[in-house]
Amino acid sequence: RRGRVAGLSRLVISHRCNASEVEHDAALEALSRAIDSLSEIAYLLRSRDQEAHRARAFGRVAAVLVRERPDLPNLTAVNRLEAIEGVGASIAKVLAEVVADGVSSYLEKLRAEAGVVLGPVSEISLSGYVGDLHCHSTWSDGKVSLAEMVVAARDRGYRYLAITDHSPHMPIVHGLDQTRLDAQAAEVEVIASHLPEIKILRGIEVDILEDGSLDLADEVLAGLDVVIASPHIKLRMDRGAMTERMLRAVENPHVDVLGHPTGRKPGNRPGGDYDVEAVFKRAAQCHTAVEMDCDPARVDLSPELARLAADLGCAITLDSDAHRPEEFDYVPLGIWAARQAGLSADQILNWLSPSDLDSWLAH
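Each residue of the sequence shown is one higher than the one before, counting from 12 in the working numbering.
It should be emphasised that the hints constitute simulated quantities derived from the structure, not laboratory data.
All of these numbers come straight from a predicted model, not from anything done at the bench.
Using N, Cα and C, we set each Cβ at its ideal position, and we do this for glycine too.
Distance ranges between label pairs, derived from CB positions:
1. L39 / C297: 38 to 44 Å
2. E34 / G234: 51 to 57 Å
3. A63 / G251: 28 to 34 Å
4. E34 / E208: 31 to 37 Å
5. A123 / A373: 45 to 51 Å
6. R78 / R280: 27 to 33 Å
Keeping only pairs whose Cα atoms sit at most 27 Å apart, straight-line, the calculated DSS-like set for lysine-lysine is:
7. K276 / K120
8. K245 / K276
9. K120 / K104
10. K154 / K245
11. K276 / K154
12. K292 / K245
13. K276 / K292
14. K210 / K154
Using the sequences and the accompanying hints, generate a full structural model.
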């Protein structure tokens, strides 16, 4: 299952007594640049309807690089980049350029065609990432159990994980009402007693309804650790009405995070049109964070909007929106977007310690 590169054990980055630290650091740097480059290429291609398949191919290989950690300089030297799962001639060319020059001419071409203007790029590192604040389990539309998600997060070294299954408004996602939230709380308590090394935050991803109200009553939301309010429906509302809707949502005192704030999926749907500056200003005033959803199908907020939100005083979350353990890989795929936005670690809640996060949520 681990792909064609799995058997090439000598070409996977690891600490070995016969490899110098300089070579190891160079391999890690090349890997990081490659992940960022492929992630951005996938993001830019998704805005082109005819390139959706190609976008997915680049995104899948970026995820393989995150998971498998191949030694790209060595694979390049022996002309075996195409041994990596999903890598054909065109992606191999991009990887070889990144290894040799630190940049991809194809990515630079896409940036120019899209009119992308690069600002100051930050140097945030995944090594400081403490925990994920948005994921799902089989309690709603996730693909594995709550316990499996928590164990997977623990195994990544996370110190906390928010379980934010859906609210019940959309029947297709099998969301949770008060009764099922209570049942889930009992399961969380049992799991937490067996896994004391990771804190489980009880949460919900609650739908923002057409009038800006939320899909669950305030008294239900008040009993949770993390409330993410997200737009999923009626995204083509009139701009003025959509702005009022989003303002009402971020003003709710129980909402901690505005989830994937536009609802867009590049190459699939454009997302809601509203006065983002007014909404982000109000979110900052109301101590409501805004999310950078790292799911490659979303990348919402975009780097440009994330920079705007941060400049207006909003706290940012950088979350996977994972529905299965391997989708936690979306966070390192999204790191490039946070770097492009020029964000620093002190602007992103996921870099807070468990106690500092508790203090922020209690504010």
